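Protein chains: 2
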Amino acid sequence: MRILCTILAIVSAAPALADEGMWTFDNFPAQTVKKAYGVDITTSWLNHVRLSTIRLTNCTGSFVSPAGLILTNHHCVQSCLGELSSKDNSLLDRGFSAADRRRERRCATQLADVLVGMEDVTATVIKAGAELGDKAANEQRKRTLTALEQTCEQADSKAKTGPLKCQAVTLYEGGQYFIYKYKRYDDVRLVFAPEADIAAFGGDPDNFQFPRWSLDFSMLRAYENGKPANTPNYLKINFAGPRTDELVFVSGHPGSTSRQQTPAQLEFERNVILPSVLLRTSELRGGYIQYGRISEASAQLVEAPLNNLENSLKVRRKLLDALHDDQLMARKRDQENSLRALAKLSGTDPWRQIESATAREHTLYLPYTYIEGAAGFNSILFRYARLILRGADERLKPNTDRLREFTDSALPRIEQQLYAPLPIYADVETMTLSFSLQRMREWLGSDYPLVSSLLEKESPDTLATRLVVETKLDDPAVREQLWQGGKAAVDASHDPMLELARSLDRESRSIRRQFEDEVEAPIAAASAKIAAARFKAFGSHVYPDATFTLRLNYGKVQGWTENGKPVEPLTRLERAFERATGSTPFKIPDTWMAAKGRLDMQTPFCIATNSDIVGGNSGSPLLDSQGRIVGLLFDGNIHSISGDYWFDAARNRAIAVHPAIIREALGKVYGAKSLLAEIGAQ
Amino acid sequence: MRILCTILAIVSAAPALADEGMWTFDNFPAQTVKKAYGVDITTSWLNHVRLSTIRLTNCTGSFVSPAGLILTNHHCVQSCLGELSSKDNSLLDRGFSAADRRRERRCATQLADVLVGMEDVTATVIKAGAELGDKAANEQRKRTLTALEQTCEQADSKAKTGPLKCQAVTLYEGGQYFIYKYKRYDDVRLVFAPEADIAAFGGDPDNFQFPRWSLDFSMLRAYENGKPANTPNYLKINFAGPRTDELVFVSGHPGSTSRQQTPAQLEFERNVILPSVLLRTSELRGGYIQYGRISEASAQLVEAPLNNLENSLKVRRKLLDALHDDQLMARKRDQENSLRALAKLSGTDPWRQIESATAREHTLYLPYTYIEGAAGFNSILFRYARLILRGADERLKPNTDRLREFTDSALPRIEQQLYAPLPIYADVETMTLSFSLQRMREWLGSDYPLVSSLLEKESPDTLATRLVVETKLDDPAVREQLWQGGKAAVDASHDPMLELARSLDRESRSIRRQFEDEVEAPIAAASAKIAAARFKAFGSHVYPDATFTLRLNYGKVQGWTENGKPVEPLTRLERAFERATGSTPFKIPDTWMAAKGRLDMQTPFCIATNSDIVGGNSGSPLLDSQGRIVGLLFDGNIHSISGDYWFDAARNRAIAVHPAIIREALGKVYGAKSLLAEIGAQ
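These protein sequence lines map, in sequence, to chains X and B. All the letters of the first sequence, read from the start, carry residue numbers 757 to 1438 under the working numbering. All the letters of the second sequence, read from the start, carry residue numbers 757 to 1438 under the working numbering.
Bound conformation, chain X alone (with noise of 0.2 Å):
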């Protein structure tokens, strides 16, 4: 399933098709919904979908009981079994089964969110940048968003709701602005995960397959106060599972879709971005294979980066063969010029706009990337450095005249990752540092001159060495007293991996202002004149693209057609066994080879939908129109991947756990009666 990632994303020409959509919730088109499949989705239904879903830290899962038991996928917890294993002690391969509640383990960095409620600001938004030339609106507009979330916090600390968590979104690329207020649960406990060859059974080679057999579940419990939340709004489980035709509804958080890009930016990610990118994680993808080969211990410290990667590069690589598809691009013309055509705008032609920003980037795109995109410092330890480093000199500033990641609102997440008490694995971050720093010097060439004067005695790899074997901040008390002991403690720290970021700052700064002038703010300024027009010509029968924001989409159980042969949307357990190797990725775990005899080999494994779905959707449930969880949303097909651009509606398939196979799993093979129960499912 796909990572997030963001990029820059405009608003295109033809309204949705049948099935297509990332809906926001107030705008979900239920009329629609009771004309093709004569179902009412009331506001109530609604409501109590979005109170039980919830936004993990890049993933959706939703509550499946009443004392807060979240269900999501087993690789949206991967970084948490990671976090919570030792060299010895790999809770990825060996699975986690907390016998009761005190000894459900705290996930040090997960967060759960749940949005409580969404308050459009457009008006004020677009009144502030108004009259503004591109790059002093650009500025205005972070400013004022800023200073909306920071009164939506004060204001919400006094209501009796408690605490919230509020945060600006940007829909249709600045056609609308929005405060969505989250209530936030930040103590995340590990309750319950299989072990990795069954929940990720057929690995890299069957990621993006179908059919499937991978029981990709996890469960979570969201704490308050020390103690399981109460959270009256969870989700009933339908074990028997949805028909083939059934409608059902994804209700999640997309991460992010590029459906409203111009042609001249995805030519700009298929030529540029896409294969830089492709050869840096490949090259990167072979030093952790490698390096897993030393031994058993160092397989498993790579296990989990490795899955990530592995998983990007598949992504991507599918995403670049879909914009090698000329007639889907000549689409994407036609598209332009037909809004053109239809919107007669007056003043600079905004598409023509992009066009130069986007060639601008080009010219940036390579420094951009390697020093502040930090691709030439592939290492935990330097983003804790560059963390600290910037965070001490932004919080001396107003909040609304920081970086947007440096903003009160966002303080919490930084000092949760800064504190936590996570592994570092000094070999690890040797090596992908050690990488970066040679990839920069080839792209940026030996003579770019913070390279030669970066690597002017030293080697990549010696440089790499020096520092992850000399700083200090793999400590997190640290990193805690360098982060509460602000700038005067930051100036007077030698540390070499904080000296490090800060030689480089200066330089990394003015490149993210270039970039933020000459590129970003002419290409909102001209998004939101094309998002403008595209309302006026199609009125509110359009969807943003997805911005990891909560959307719901409908759609129903359906297979597709493979080189002339039909797919069936249904896998059962029987062919998981028939498919086993004995060697990772096709190992069937010891506890199923045991529990084998007891087993109902028909239970029903996977299923394919046709939901418009893509990465941050994972862990999402999927509901029948009674709003029942009848799958748990997992992974896409093939050809899901080139929904980034454009929903493909005979090909795109959503996959999902079913959930009887989770309910075997439990009972026969984990013997966990009392989730069992928790889940209605005894």
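One should not assume that every hint holds.
Note that identical chains are pooled: a pair holds if it fits in a single copy or bridges any two copies.
Derived BS3-like pairs: lysine-lysine, alpha-carbon spacing no greater than 27 Å straight-line [what the hints assert, rightly or not]:
#, residue 1, residue 2
1, K1070, K1213
2, K983, K1213
3, K1352, K1213
4, K1429, K1343
5, K1074, K883
6, K883, K1228
7, K992, K1074
8, K1228, K1243
9, K1424, K1074
10, K1429, K983
11, K1343, K790
12, K1343, K1213
13, K1429, K790
14, K843, K1074
15, K1074, K891
None of these hints come from the bench; they were simulated from the model. Treat the numbers as computed from the prediction; the structure is a model and nothing was measured.
For chain X, the structure is supplied; the task is to place chain B on it using the hints.
Just chain B, lined up with the frame of chain X:
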């Protein structure tokens, strides 16, 4: 410098621009040179240069003494240095200098061929395929070429010149056919090589860059009957080097260009071939680098393959960039349209024919690449296995019916490779084989029948390890015995690597057959039509695409303008010391540090010329108008890479080692007095 890669190519519309062109020696534009530069290039000049130029296995060289001494690049003897190294003594790192001729060491797989004759057989070949369908004509053409080679070798073995190697050469993609006759030296010995740190100073970061300070030279010697060969045709060296703007020539063997490919073929290259090769190469690079980080010994094992890989990666990255230049692609389309308008061909449009053949190629590409192309079996041992297996079958057939790589003419080279006692490092073999099996599974899919049967019960890593441990093909005696034992010996063998090759041979041959009949044949037929149209329009004022056969080009010593700044065409020794960091690839070896006080820091080091060269030209002599060596070609600048598709006169530059630095090194650093005397430097 580029490695060789074979790509189909056809003839384009427009004749060559000034100074562009890889001319065959029988069609060198002496008149044009006379007009532009006032210099007479006579037949005896051409004959002398041709007979002094050598084709090595992957490179070019030239005789520089009457006793068979060969000047070429250091990177051209890299594999020989690897073959003569052991885990404890890396000649790549330490360099090599034979104290006297008896200490010169044979390079087990090196050959030196001198082009002594060229016979035009166009009429015979075209007649053989006339009035046949594309598929049958393609077959018949191959049979005819094999027969012509055979006749040539048999005739020449009776001639007084001694046995010759005869090779059929296709020029202008089927516009011309020749039999090239070579005098072959198969006993080639290593005489001198500097340390890799100075030969490849700047390493991958500086590869394809200029200014440059790489002492990329080495010396070999051709032997005959155990004695240094008698080579009356050799080139004198002018140690003063050339002046800026001086007319210079390059005599050498450019490997492969695709300047005559149609837009459809270039798009296939851009959208399919280059991305997939780049990803594979990048991943393997990551694996090699990580393997090399284990220890100094492991770093040495992967040094040579890593260098090759990084070179090809850089080339292909730039090829991809070149193909993303929409203006140049548009120019190619214009050329196609102009020639089509000019030619007024009747019958099927050959460009459309190539378009459909390329579409078919797309569907065959993955199985062809992974199975017949063996990208799924990246292992020296597997290559041995396939050679032995297929050789046994093919040698039972009449010469003209065999796969072209097993004709009688090709057998001596195969035997040399099989019998050479090269070191094989099991760890590296396992790594590359395991990687490639994984990628085959990824790209063909786990359920592709060959993949699922191979990996049914073993993971790629387990299978690779077992095969490498259990095979006996690492022993040259075993390989020789199997080769000489023929089909009976091979059938009786249960060597696991041989069994692997056997298990996929039927499928592999069938994919190849489809490729040859449905892709190669129609493209060959269409390309010949286009070539004929082009000859008709432009006569012989065109040069053929590179085919690793002997070519001569003319140009001058010249810098260029980069980002508005002039790049001078000469570097000097002084700056190399200034750029040194103490770590590879910017490390000056100890021998040079010790000699520093004796060296003239103003010694010219490298020169840039506008010569039109590509990979395969490595090691070519750069000649002045008197036919004296004034440089040793070893690389091109970054803009030269797009030379595969077109010659960018403004920025495409070749890079050569200046003869003065070679004299300085041999005299003052290595004290190689007898060599200096032999090349006339003392």
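Comparing the hints with the structure gives:
When the C-alpha separation of K1070 and K1213 is checked against a cutoff of 27 Å, the pair qualifies only between copies, where the shortest distance is 25 Å, while the shortest distance within a copy is 38 Å. Taking identical chains as interchangeable, the C-alpha atoms of K983 and K1213 are never at most 27 Å apart, the minima being 55 Å within one chain and 47 Å between chains. In this homomeric assembly, K1352 and K1213 come within 27 Å of each other (Cα to Cα) only across copies, at 19 Å, whereas the closest approach inside a single copy is 61 Å. Taking the closest pair of Cα atoms, K1429 and K1343 come within 27 Å of each other only inside a single copy of the chain (26 Å); across copies the shortest separation is 65 Å, beyond that limit.
Proximity of K1074 to K883 under the C-alpha cut-off of 27 Å is found in neither arrangement, the shortest distances being 41 Å within a copy and 47 Å between copies. Taking identical chains as interchangeable, the C-alpha atoms of K883 and K1228 are never at most 27 Å apart, the minima being 47 Å within one chain and 78 Å between chains. Taking the closest pair of Cα atoms, K992 and K1074 never come within 27 Å of each other, the shortest separation being 36 Å inside a single copy and 56 Å across copies. Taking the shortest Cα distances, K1228 and K1243 sit within 27 Å of each other inside one copy (18 Å), while across copies they are farther apart (66 Å).
For the homomeric pair K1424 and K1074, neither the shortest alpha-carbon distance inside one copy (38 Å) nor that between copies (57 Å) is at most 27 Å. Taking the shortest alpha-carbon separations for K1429 and K983, only the intra-copy value of 21 Å comes in at or below 27 Å, while the best inter-copy value is 86 Å. Proximity of K1343 to K790 under the C-alpha cut-off of 27 Å is found in neither arrangement, the shortest distances being 45 Å within a copy and 73 Å between copies. Within a single copy, K1343 and K1213 get their C-alpha atoms only as close as 48 Å, which misses the 27 Å cut-off; across copies the closest is 10 Å, which meets it.
In the homo-oligomer, the alpha carbons of K1429 and K790 never lie at most 27 Å apart, since the shortest distance is 40 Å inside one protomer and 94 Å across protomers. Taking the shortest Cα distances, K843 and K1074 never come within 27 Å of each other, neither inside one copy (34 Å) nor across copies (42 Å). Taking identical chains as interchangeable, the C-alpha atoms of K1074 and K891 are never at most 27 Å apart, the minima being 35 Å within one chain and 34 Å between chains.
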